[in-house]
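Number of protein chains: 6
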Amino acid sequence: MSKIMDKPLPNIPWQEKPEGCTAPVWRYTENPIIPRDAIPSSNSVFNSAVVPFGKGFAGLFRCDSKSVSMDLFAGFSEDGIHWTIHHDPISFEGDSEVIRREYRYDPRVCFIGDRYYISWCNGYHGPTIGLGWTFDFQTFHQSENAFLPYNRNGVLFPRKIGGNYAILSRPSDTGHTPFGDIFYSESPDLIFWGKHRYVMGTVPGDASAWQSKKIGPGPIPIETDEGWLLIYHGVIQTCNGFVYRMGCALLDRDKPWKVKCRSKYYILGPQEYYECVGDVPNVTFPCAALTDADTGRIAIYYGCADTVTGLAFTTADELINYMKQHPLEEDKA
Amino acid sequence: MSKIMDKPLPNIPWQEKPEGCTAPVWRYTENPIIPRDAIPSSNSVFNSAVVPFGKGFAGLFRCDSKSVSMDLFAGFSEDGIHWTIHHDPISFEGDSEVIRREYRYDPRVCFIGDRYYISWCNGYHGPTIGLGWTFDFQTFHQSENAFLPYNRNGVLFPRKIGGNYAILSRPSDTGHTPFGDIFYSESPDLIFWGKHRYVMGTVPGDASAWQSKKIGPGPIPIETDEGWLLIYHGVIQTCNGFVYRMGCALLDRDKPWKVKCRSKYYILGPQEYYECVGDVPNVTFPCAALTDADTGRIAIYYGCADTVTGLAFTTADELINYMKQHPLEEDKA
Amino acid sequence: MSKIMDKPLPNIPWQEKPEGCTAPVWRYTENPIIPRDAIPSSNSVFNSAVVPFGKGFAGLFRCDSKSVSMDLFAGFSEDGIHWTIHHDPISFEGDSEVIRREYRYDPRVCFIGDRYYISWCNGYHGPTIGLGWTFDFQTFHQSENAFLPYNRNGVLFPRKIGGNYAILSRPSDTGHTPFGDIFYSESPDLIFWGKHRYVMGTVPGDASAWQSKKIGPGPIPIETDEGWLLIYHGVIQTCNGFVYRMGCALLDRDKPWKVKCRSKYYILGPQEYYECVGDVPNVTFPCAALTDADTGRIAIYYGCADTVTGLAFTTADELINYMKQHPLEEDKA
Amino acid sequence: MSKIMDKPLPNIPWQEKPEGCTAPVWRYTENPIIPRDAIPSSNSVFNSAVVPFGKGFAGLFRCDSKSVSMDLFAGFSEDGIHWTIHHDPISFEGDSEVIRREYRYDPRVCFIGDRYYISWCNGYHGPTIGLGWTFDFQTFHQSENAFLPYNRNGVLFPRKIGGNYAILSRPSDTGHTPFGDIFYSESPDLIFWGKHRYVMGTVPGDASAWQSKKIGPGPIPIETDEGWLLIYHGVIQTCNGFVYRMGCALLDRDKPWKVKCRSKYYILGPQEYYECVGDVPNVTFPCAALTDADTGRIAIYYGCADTVTGLAFTTADELINYMKQHPLEEDKA
Amino acid sequence: MSKIMDKPLPNIPWQEKPEGCTAPVWRYTENPIIPRDAIPSSNSVFNSAVVPFGKGFAGLFRCDSKSVSMDLFAGFSEDGIHWTIHHDPISFEGDSEVIRREYRYDPRVCFIGDRYYISWCNGYHGPTIGLGWTFDFQTFHQSENAFLPYNRNGVLFPRKIGGNYAILSRPSDTGHTPFGDIFYSESPDLIFWGKHRYVMGTVPGDASAWQSKKIGPGPIPIETDEGWLLIYHGVIQTCNGFVYRMGCALLDRDKPWKVKCRSKYYILGPQEYYECVGDVPNVTFPCAALTDADTGRIAIYYGCADTVTGLAFTTADELINYMKQHPLEEDKA
Amino acid sequence: MSKIMDKPLPNIPWQEKPEGCTAPVWRYTENPIIPRDAIPSSNSVFNSAVVPFGKGFAGLFRCDSKSVSMDLFAGFSEDGIHWTIHHDPISFEGDSEVIRREYRYDPRVCFIGDRYYISWCNGYHGPTIGLGWTFDFQTFHQSENAFLPYNRNGVLFPRKIGGNYAILSRPSDTGHTPFGDIFYSESPDLIFWGKHRYVMGTVPGDASAWQSKKIGPGPIPIETDEGWLLIYHGVIQTCNGFVYRMGCALLDRDKPWKVKCRSKYYILGPQEYYECVGDVPNVTFPCAALTDADTGRIAIYYGCADTVTGLAFTTADELINYMKQHPLEEDKA
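Residue numbers (this note's numbering), protein chains in the order written: chain W, 1 to 333; chain H, 1 to 333; chain Y, 1 to 333; chain X, 1 to 333; chain A, 1 to 333; chain C, 1 to 333.
Hints are supplied without guarantee of correctness; some may be wrong.
Identical copies carry no separate label here, and so any pair may be met within one copy or between two of them.
In silico lysine-lysine, DSSO-like type, Cα no more than 30 Å apart, as pairs [unchecked claim]:
#, residue 1, residue 2
1, Lys195, Lys55
2, Lys160, Lys17
3, Lys55, Lys258
4, Lys55, Lys213
5, Lys17, Lys255
6, Lys160, Lys195
7, Lys255, Lys195
8, Lys160, Lys260
9, Lys17, Lys195
10, Lys213, Lys7
11, Lys324, Lys55
12, Lys195, Lys258
Think of the hints as simulated: they come from the structure by calculation, not from any bench.
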């Protein structure tokens, strides 16, 4: 049995696996937990980040406005399911050149040391990885963009690796990028980045076609005694567009660019109407996960059809065992 | 309070705004009002035009046949909600070169002076703006196409401006046009057109992304004491296709190419299943509006997913106030 | 009244035409008959082939796995509606160069003489037409690919024509082919193929736009005294992707590349949610048909949204009469 | 023998047809007549318009600057071969909304009544047809754009037809348009335009593939007793880009949208280095022609590789006879 | 030293290798041997086939007309360098359905047994491989097309292999195909074809980028004691289009789908002006080769820039040694 | 008069400006200085870097092989014009993960402190910026890639700025990138990079269309008392492909992301045959410049048509004065 190397979280949102369910991940029965009009100005609320905070939970939410402008909004919850989201987007303090807003979306939040670090897709003459931090989800500071454009899906590791901060990302282009592999980079100070390493890419051919067009990291990697457990998204291009599903992988704890295991099967894909119908049909896109080290429970927050937010459950053992039962053979990667 | 400069229409279809609704436009509770198989030959009935006629209402309907051929059909209704549509498409009298039919779709109907003028997307070596008129919705006369190909969404003003007839349109290309701005043109005689003026275009970037790909005029502009109230469609291109939503703008009464105000937020978008699922998912496309000058009420007819016809309600004040509360700033347009 | 030139099949799955239904084809009321998770590994089950076998029925099913790998699975049923599908894909005996699997999908099964012949889309440096046979749906033999890449939708005739085996197919390209016409070819031995003839193509313009982008043969042609009754798929490209519908045609019995009649109207298209929503929205794709010569009944198996399998009913007379009532005029083809 | 219905021009530039030449058009032996750096700021001088003026000739030249900005420059010549071009672009008087310059290129000049009218591709929220006039090539007045965007190659007729001004043009899109047919339009006042007629389009298939991608009118049509002699450009798309060649047609004198005859063979195409090598390889693009009614001589000015200007010679009889010897059969057009 | 398994041809056109030349193929010093206007109607003469005939040589030439129509013309020569080409295209006898001409181009001629077989790219609802034969280059008979559309570059072997006729081809699509591998097929009777085998494809990455986009067979394979010597074309796509170069390979004599050796380096590419400048810049495209078994000499005929015909020389030893010195390593193919 | 802040270089290759020449840059009269077959294996030699070295010059050359493989080769010259290039590509010492070669092209060489630093386009799961150094052009060390993919045209500054190393680059995509702006980044150690700043981008519209598609830095910036003199390439997309020209800009000495001046006119573009004709027509691509502080002379090395290497001359004053005479107005950038 694998062990999650993090704190216990007794109040993690949870439902037991339904009887007869053979899938490694199961949906919350009252999905979606956040509707598209959760705040007055919102067209949709999805692809959002959630962390334990105080006695409850805090989060950053991607709320596209009724002008379909993309920005980040803070929210709070006692149980991780019912959320109160601020009606105004967060604003950042920092260097005036850096904090100039073009657009912000798909946030991740990662607690390291004494504060909550935030990464997101940040418009700066094209999409790149914005970085910032907060102590209290009231005041936010924005630092340098991690990379040159064009990049998306920057996901920090929750501790330093080899003495440096570490991040996963998916280099992109200026549009609806038709390609995408996952890379790893390090930084001594969260300002200067280097030592870039290729982690893993799409799977050509038929072996694992749900991840044949592009892949990108999802929630903050979960440290286990077997390695970093990474939940990521994979995309196939059908004749009628992209389908976004979830998969998982195990990365080496010391050299996270080494892939120890990777799922050949997706672990969740669009099947419910709220996942198949919406502004962008057929999208399930994970951006955050809560974990409880005592029980191995994992609660995944994921965007549905770029419109609403869903919640799903699994455990570290479920994912790791599923990966081992249905591994992607190395020569296929 | 704004005033509609037109006749009263006491029998306008109507439902009061639902309690708690904060949106400026609300749907008829029994939508869709016209199903896809309203006549025996029809695959779909949508993007259609409705006007007061006699004691009730008349209209021109886009009925795509079961061969998916596009044509215009006349229909009549006592209450504006329940419609009887002829089983055969209308035919036109006129110059034989002009009336030759390739295809006809997306009609608008506009009463000026003594008759009902009709404009539509007309196949003539490519899509352009067809023009015609009727007194009785039984006999139809077709005149010259207003423009060279390629154009769509020709929408007449309901009175002369500066002594000339006036029209809005959206120059296009030959296919599923990936661009589109709104222009204004004048004519002394509905045959020769000129004095073309740019009115407004798409909104680049993130400021109002729902209208970032193309926009086009919808129903006949509604004259108010504050200006012409224009309901239009705006389109965003997601990785899985186009999404069509509605917005509104106020145009100067004497120089309608001057935009006085424009909504940053959309006023209605695809959210119900009959708007999100159908032959073309995620389309809400307004083509007609009834107005009652006494109350300011407006009833909007709109195509849903290129499959069925919906009805929605608002008032002149709702739209104008919403625009002023959520204006598109000028430097963003 | 037309006559089906085949054996009676008294146990054909069947429901009478619903009262008031004017369409030539009607859906089974309990659709879909096969859900996406019919076997533990399946993401979707669709585009599948069914034949009478013993006292019941056998079939080959396209089950895309949870890795979205495409393969063929054998299944059996007593009533043609409730199916037991093997959990492992079929494997083939044969020349090692030929049986190497890249991917296999969209099977058809055709009984000729003493055995069941199978054709499918077979990956061999691109998609082409795989051929094989079985006596018992337990052991399968694969022979030479019928054609060079790139081809899809190979459909055998159930008897020799002019002394040769005969096949329909749709030459394609390497991707989501944006074109496609139906061709006819012959072979003395099912190994060497030639005498290729053009049968019919897409319909330009507005005359029958549902089949304006590509067409391809569906189930094994049904021999009637009036000609070969061919059910096929037709595709239109909207601004939001392809829509796949069904049509039918009558081919000359001796020279099947001569089209005697062809439907201008589609006979079934995506309208139900299980046809409009799924991995590929808006697909109805027929791959098999059962027939009862005594009654003229036809049961059509078709893939729905590339996700589940549906069943629909008609008769030879329904289709032939519908074609004659709504014929595609020759100069339009 | 055909007759040109215009004035004599004894000083027309001229060289006799070389012995042994079987082509209907022959090049000036000292081509190109205008080099790319004819004025200090020019990157290239091409696609230009020339008319008799005073005792010599005047013209408007497309000089792309060394910033590759496109504008019109006036020039004068005694012999039609050696030109003095002003170093500054022309400027227009007129309505401030209309004369605002985005870009201007590919001019034509047409003498009607008492003045020289000018048409060109004018940037106004996309390319459209600019119109203006001059008496003296010193002062220029710009009037309303003839059409909505998007259009190119507006070419006036040198006299009214049916009491109206008349123009040919090629509706286009916003980019390197991959289609293009020739249309005809009329105007009572050069402000309002209508009565649009399709004239002729591309030739599908193999019959006349040099004009299979797009065609557009070239010089001002030349009136002869047999009809309007139109020299136009035709384009084929090879795997390495567009090739622009010249063809000719005869249009009915009273109804110029009726094509009486059209060349199946091109009459001149890129073969010399200055036509094959340059900023845009493989372009020969005619924009002007001088004619001498006494001899039937025609001198064609054409752009070469979008870089320099060439001169070529023919006669009305050469072109009309060549068209008749190698006609495009009507059912192929 | 390798040996050509064919007849001697003492009058093969020939020039010795220039001193200092290190390339394996060298050009005829008087290139091009056939100009673009070799016959009165021709725009270009290229991609043509030549064989020994009587005391001299005969050939089939692709002459694109001045309407840029593509057809085949017979020609004769005493020395293989100076050619007399008929002014009219060849016509075929045969089945009326088969001999209907859409277009014909890129011929190959192959002597087998008692006659000259011809293969070419034949328009039949798209490009496919036309087949025919002649005894005398006066009368031509056309048989069945070898394959379904879409195919190009059908090249017969000069003797049966394993008792069957054999052909190489390059499956294609309907346009300027952006992919292309070489396949092998067999036939007992030149009518029915099967036993399709993949031979070799493009080379991904940087290892041999000149053949990274598509490849196709060129002249009739030359039998040597070491294997079939195949000269083929390879294409790279630069930002400014396709570049066509020549390479060579050795195929197994009994199983020609087995590649024994393949050149990593191209053997000739566009460098001279007549190869770099023309209707399609940067094309060297081989379609025929003469061989002399006594000396090992090879004379290659190749199209230049889709405009003129060039001649180049090499020997079997030159090519085989060059391949062995610069082999494409197997794991790179 | 501006002053170059570098050492004198009395033996700089040089020719005086030709009489009558008004352009700011003039070509070496014996161009090209390096032919395509400069070494036995080379298909082309272009886009190369040259520096003073010992009593003469050294350089790194992009030699594409006859397999069209891209790599870097060292070369030496006494006069900077006649070069001896090694027949084998350079190899690097360093971390085995980093030095694995996919492809290498378009090198720049920059002397900082005690060594020659090298940057180039390096294949590492896509193109990025490779970095390395040498003391003697015999032994080469490769360090970490500067950035994540996808990037091209990394160009170092010749001294630290604000205490950090500094680089310009052009973020790209995986193919023939259709966009491209210049960015600036800093590093304390040449391993970790950050503080990315947007420098300048393409020029929309007609103001300076030669640089409307993409731009990228060329030679190492030249420090002058007025600012960093940057020679860069700009690209326009015509209907027949990309045209690469040269421009220049002045960047602030302390904050090089501040553009002080930028040329509206190009300073050199493809006009000679060796620039217009070759593997990629119409390319002039500068990668290196020598300077002599005493005279202000500058010698530019540039690739021609991706085939050969050219040399051109100018002075700091010529460029700066030209920029000031023909400035790009700020609101246009």
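Going through the hints against the structure:
For the identical chains of this complex, Lys195 and Lys55 are neighbours neither inside a copy (38 Å) nor across copies (37 Å), given an alpha-carbon limit of 30 Å. Taking CA atoms no more than 30 Å apart as the test, Lys160 paired with Lys17 passes in neither setting, with 34 Å inside one copy and 55 Å between copies. Taking the shortest alpha-carbon separations for Lys55 and Lys258, neither the intra-copy value of 36 Å nor the inter-copy value of 48 Å comes in at or below 30 Å. When the C-alpha separation of Lys55 and Lys213 is checked against a cutoff of 30 Å, the pair qualifies neither within a copy, at 41 Å, nor between copies, at 45 Å.
In this homomeric assembly, Lys17 and Lys255 never come within 30 Å of each other (Cα to Cα): the closest approach is 33 Å inside a single copy and 58 Å across copies. Taking the shortest alpha-carbon separations for Lys160 and Lys195, both the intra-copy value of 14 Å and the inter-copy value of 21 Å come in at or below 30 Å. In the homo-oligomer, the alpha carbons of Lys255 and Lys195 lie at most 30 Å apart both inside one protomer (12 Å) and across protomers (26 Å), since each shortest distance falls under that limit. Only within a single protomer do Lys160 and Lys260 lie at most 30 Å apart by alpha-carbon distance; the minimum there is 20 Å, versus 41 Å between protomers.
Proximity of Lys17 to Lys195 under the C-alpha cut-off of 30 Å is found in neither arrangement, the shortest distances being 41 Å within a copy and 47 Å between copies. Taking the closest pair of Cα atoms, Lys213 and Lys7 never come within 30 Å of each other, the shortest separation being 36 Å inside a single copy and 47 Å across copies. With identical chains, the CA atoms of Lys324 and Lys55 are never at most 30 Å apart, being 36 Å at best within one copy and 42 Å at best between copies. Taking the closest pair of Cα atoms, Lys195 and Lys258 come within 30 Å of each other both inside a single copy (14 Å) and across two copies (28 Å).
In terms of the numbered hints stated before, the structure departs from hints 1, 2, 3, 4, 5, 9, 10 and 11, listed from lowest to highest.
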